[in-house]
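**Q** If you read the protein sequences in the order shown, they are chains F and E.
Quick note: the UniProt record's numbering has the first sequence finishing at residue 436, numbered continuously throughout.
Quick note: the UniProt record's numbering has the second sequence finishing at residue 436, numbered continuously throughout.
Hints in this document: simulated from the structure, not taken from any laboratory.
In this text, all values refer to a predicted model and were calculated from it rather than measured experimentally.
In this text, a Cβ means the ideal position worked out from N, Cα and C, and glycines have one as well.
Errors might be hidden in some of the hints.
For each label pair, taking beta carbons as the anchor points, the in silico distance ranges come out as [to be verified]:
no., chain 1, residue 1, chain 2, residue 2, range
1, F, Ala411, E, Ala233, 52 to 60 Å
2, E, Asp289, F, Gly173, 33 to 41 Å
3, F, Gly12, E, Thr83, 49 to 57 Å
4, E, Ser229, F, Glu382, 39 to 47 Å
5, E, Ser229, F, Arg403, 39 to 47 Å
6, F, Gly12, E, Ile85, 51 to 59 Å
7, E, Gly243, F, Gly187, 29 to 37 Å
8, E, Arg118, F, Pro269, 44 to 52 Å
9, E, Gln386, F, Ala368, 52 to 60 Å
10, F, Leu367, E, Asp36, 56 to 64 Å
11, E, Asp36, F, Ala343, 22 to 30 Å
12, F, Gly378, E, Ile85, 57 to 65 Å
13, F, Ile385, E, Arg391, 45 to 53 Å
Derived DSSO-like pairs: lysine-lysine, alpha-carbon spacing no greater than 27 Å straight-line [to be verified]:
no., chain 1, residue 1, chain 2, residue 2
14, F, Lys271, E, Lys271
15, E, Lys23, F, Lys257
16, F, Lys172, E, Lys271
Protein chains: 2
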Amino acid sequence: MKPINVGLLGVGTVGGGTATVLKRNAAEISRRAGRDIVLKMAANLDLDAARAIVGDGVDVVADGFAVARHPDIDIVVELIGGTGIAKELVLAAIDSGKHVVTANKKLLAEHGNEIFARAQEKGVTVAFEAAVAGGIPIIKALREGLSANHIEWIAGIINGTSNFILTEMRDKGSAFADVLAEAQRLGYAEADPTFDIEGHDAAHKLTIMAALAYGIPMQFDKAYLEGISKLTARDIRYAEELGYRIKLLGITRRTDKGVELRVHPTLIPEKRLIANVDGVMNAVMVKGDAVGATMYYGAGAGSLPTASAVVADIVDVTRLATADPEHRVPHLAFQPDRLADLAILPISEVESSYYLRVNVIDRAGVLAELTRILASEGISIEALIQKGSEREAEAEIVLLTHRVVEKHVNAAIAQIEALDSVTGSVTKLRMEALNG
Amino acid sequence: MKPINVGLLGVGTVGGGTATVLKRNAAEISRRAGRDIVLKMAANLDLDAARAIVGDGVDVVADGFAVARHPDIDIVVELIGGTGIAKELVLAAIDSGKHVVTANKKLLAEHGNEIFARAQEKGVTVAFEAAVAGGIPIIKALREGLSANHIEWIAGIINGTSNFILTEMRDKGSAFADVLAEAQRLGYAEADPTFDIEGHDAAHKLTIMAALAYGIPMQFDKAYLEGISKLTARDIRYAEELGYRIKLLGITRRTDKGVELRVHPTLIPEKRLIANVDGVMNAVMVKGDAVGATMYYGAGAGSLPTASAVVADIVDVTRLATADPEHRVPHLAFQPDRLADLAILPISEVESSYYLRVNVIDRAGVLAELTRILASEGISIEALIQKGSEREAEAEIVLLTHRVVEKHVNAAIAQIEALDSVTGSVTKLRMEALNG
Chain F
1 MKPINVGLLG
11 VGTVGGGTAT
21 VLKRNAAEIS
31 RRAGRDIVLK
41 MAANLDLDAA
51 RAIVGDGVDV
61 VADGFAVARH
71 PDIDIVVELI
81 GGTGIAKELV
91 LAAIDSGKHV
101 VTANKKLLAE
111 HGNEIFARAQ
121 EKGVTVAFEA
131 AVAGGIPIIK
141 ALREGLSANH
151 IEWIAGIING
161 TSNFILTEMR
171 DKGSAFADVL
181 AEAQRLGYAE
191 ADPTFDIEGH
201 DAAHKLTIMA
211 ALAYGIPMQF
221 DKAYLEGISK
231 LTARDIRYAE
241 ELGYRIKLLG
251 ITRRTDKGVE
261 LRVHPTLIPE
271 KRLIANVDGV
281 MNAVMVKGDA
291 VGATMYYGAG
301 AGSLPTASAV
311 VADIVDVTRL
321 ATADPEHRVP
331 HLAFQPDRLA
341 DLAILPISEV
351 ESSYYLRVNV
361 IDRAGVLAEL
371 TRILASEGIS
381 IEALIQKGSE
391 REAEAEIVLL
401 THRVVEKHVN
411 AAIAQIEALD
421 SVTGSVTKLR
431 MEALNG
Chain E
1 MKPINVGLLG
11 VGTVGGGTAT
21 VLKRNAAEIS
31 RRAGRDIVLK
41 MAANLDLDAA
51 RAIVGDGVDV
61 VADGFAVARH
71 PDIDIVVELI
81 GGTGIAKELV
91 LAAIDSGKHV
101 VTANKKLLAE
111 HGNEIFARAQ
121 EKGVTVAFEA
131 AVAGGIPIIK
141 ALREGLSANH
151 IEWIAGIING
161 TSNFILTEMR
171 DKGSAFADVL
181 AEAQRLGYAE
191 ADPTFDIEGH
201 DAAHKLTIMA
211 ALAYGIPMQF
221 DKAYLEGISK
231 LTARDIRYAE
241 ELGYRIKLLG
251 ITRRTDKGVE
261 LRVHPTLIPE
271 KRLIANVDGV
281 MNAVMVKGDA
291 VGATMYYGAG
301 AGSLPTASAV
311 VADIVDVTRL
321 ATADPEHRVP
331 HLAFQPDRLA
341 DLAILPISEV
351 ESSYYLRVNV
361 IDRAGVLAEL
371 TRILASEGIS
381 IEALIQKGSE
391 REAEAEIVLL
401 THRVVEKHVN
411 AAIAQIEALD
421 SVTGSVTKLR
431 MEALNG
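Using the sequences and the hints, build the whole thing.
**A** This is how it looks when you write it as structure tokens:
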């Protein structure tokens, strides 16, 4: 059978990994796919750099459109990233009747509705396993493996940089800024780390997973984002004393009121497997009504792990290229004409448990005031510890609450911060049991 | 579009769960599959019991062949189990041009080569996600999600009964027989538990995973099986002191000499996530050359979790039913005419690390004798602890070795057991680092 010709847009870390995997495992991939898969063209601004990576026999050009529209190319692989030229190239490829494989989470989370609609119209597939959690086949699990389920929630460690920083902060008791600097030295964090540490990257991935899980359009603009830059080693230590680990989680939950879509540091019971996913590794928990809780673990980034997902998509597209478009697996798991109109909840309407740390003047009656305020907002307390403060005559009270809607916690915090006996602002972190 | 009609063979625990999931999540499943999926017929020896479970509107019959060959049925779901009537019914369904979904690991591990060949010939699909690790979509991960990889090894906790027993033995320090009796009372172990605790069930699942991972025929008869019935609470405790947990693992590894295919109790470093998979839960680690180590975790058995996998297969078959047979995903991940001829290694040729416990007469020179024998067989020692024995003037020596081919360990053990200063037989357990 005629080989499938792949055209690569962007020959960087993942592009290089994709070229390596396609070449190194060519025989095995052909045995799986039923035909040879050949990297035929690559587009890169630096032609020499790209040639050094993809080797001879691959036509390297500077113009991405020359690849996206080339008549010999069957599958266009977009690994440029971002929403500028990458978007134009993906749309050009679709318009030229090419199937597209992309690792571009930002593009899909922000412009996926437009891109998938265009692909549907043109009868081509846009595959994106590499866009979420690197090499972990979580897109396939959500789209196909769990298709029997009413999916209730997803919670994932889906940003390796943040997880590395949190792991180091816990292991060494170091401050955020120190660990960030170390991560930058090691190459685990970018020079401008905002995108990773403030939750943007995780929210892009979460947006895509929520769309697949519930059959809703991409709604990145409605996601709640809170990063790890304000997290202190002290809160990590207190959480640990209470039996919890703090992880930056992307959480989406389907409730009667709507869909929660939120990224924030989260306390998780230390006995959960996902609480023990450390360093740059990723893991995603998915709770379905039939299957219960499942978890998927692996490398969430890196050249070869991400290439693993890119090439798996290429194999999938190769296998299914001849299926009638209407019988292919739908891009977002659900048929495009049967998406649901579920509202994304604002963070104030989200229900969670909470960790609250309050700095108080150490005198009789303070605790009574705190508990009275919490009770008045319908918040019940699961655990409470009192710690000495660095400042004389002050103390810290750390509280864990039962589940409650966030606006009530915010109202309680406003009243607590107004107390004479309370100094500074209250630290609030969310807490999830994540039980099956 | 016309609904897809499903015929169920066997309405027991999983059959009932399948009926429940198809009904409860009918709307969502239809939104995913692009058409309604209807349970149309069911065959069960006890008609009344089946009717009570599947409800009105399903034609319940006693004769499975009436379902397997019925012209209105599109997909036949075999949930009877075993290799007797189940095999006849699956072949009858295939011969009648039906797609088949089955949870029958024994049937596939022992007769899969014949069944898949027949399905290939007739142009139908036999899907079997539920045959391995219940609701965890591990078949899909191996067959599709990791298709870019040269898979190096798989290690799985794939028998919930055994894992429950091992977890209880560790938590309570109880003896195997006591925990087994408790598991039987709780319904976690069968009246005749042999199939689970002696590794047959795990070996069936491992055989299927190895076939998918390496593109080799099913070779269950060549799997090495060692169960947990001889494991003592003492060895579990000693392992723990050394930083390890003992799990019944199914392990398959591709080496230059051939394929390892083995089920046995295994020491795993306690810091590995899989070492912390407790109770009846399952988890499978897969190591690919590109992706590195990945892990898949969830419920490995039970009515609804297994039904989750059965129904996911039904949705898959429904979606892909119109693809040309040659462009469907191959049953065993690799194209049927491109399987590999890799030999399965006998256990004596397997390479592992080892835990050895030797009961000795507590006198000078014993340790020198032991270490001399180990050195003469090329076995180096990673750790050694000496423990008091229940019997006076005796002691126990517990050794961990570095990696070595098993036949050398067996030769050393024979020599050690022949020593005057050694009493009883040497306890040998295998140990795997399972690092990425």
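**Q** For each hint given before, does the structure comply? Return the numbers of the non-compliant ones in rising order.
**A** No numbers; nothing is violated.
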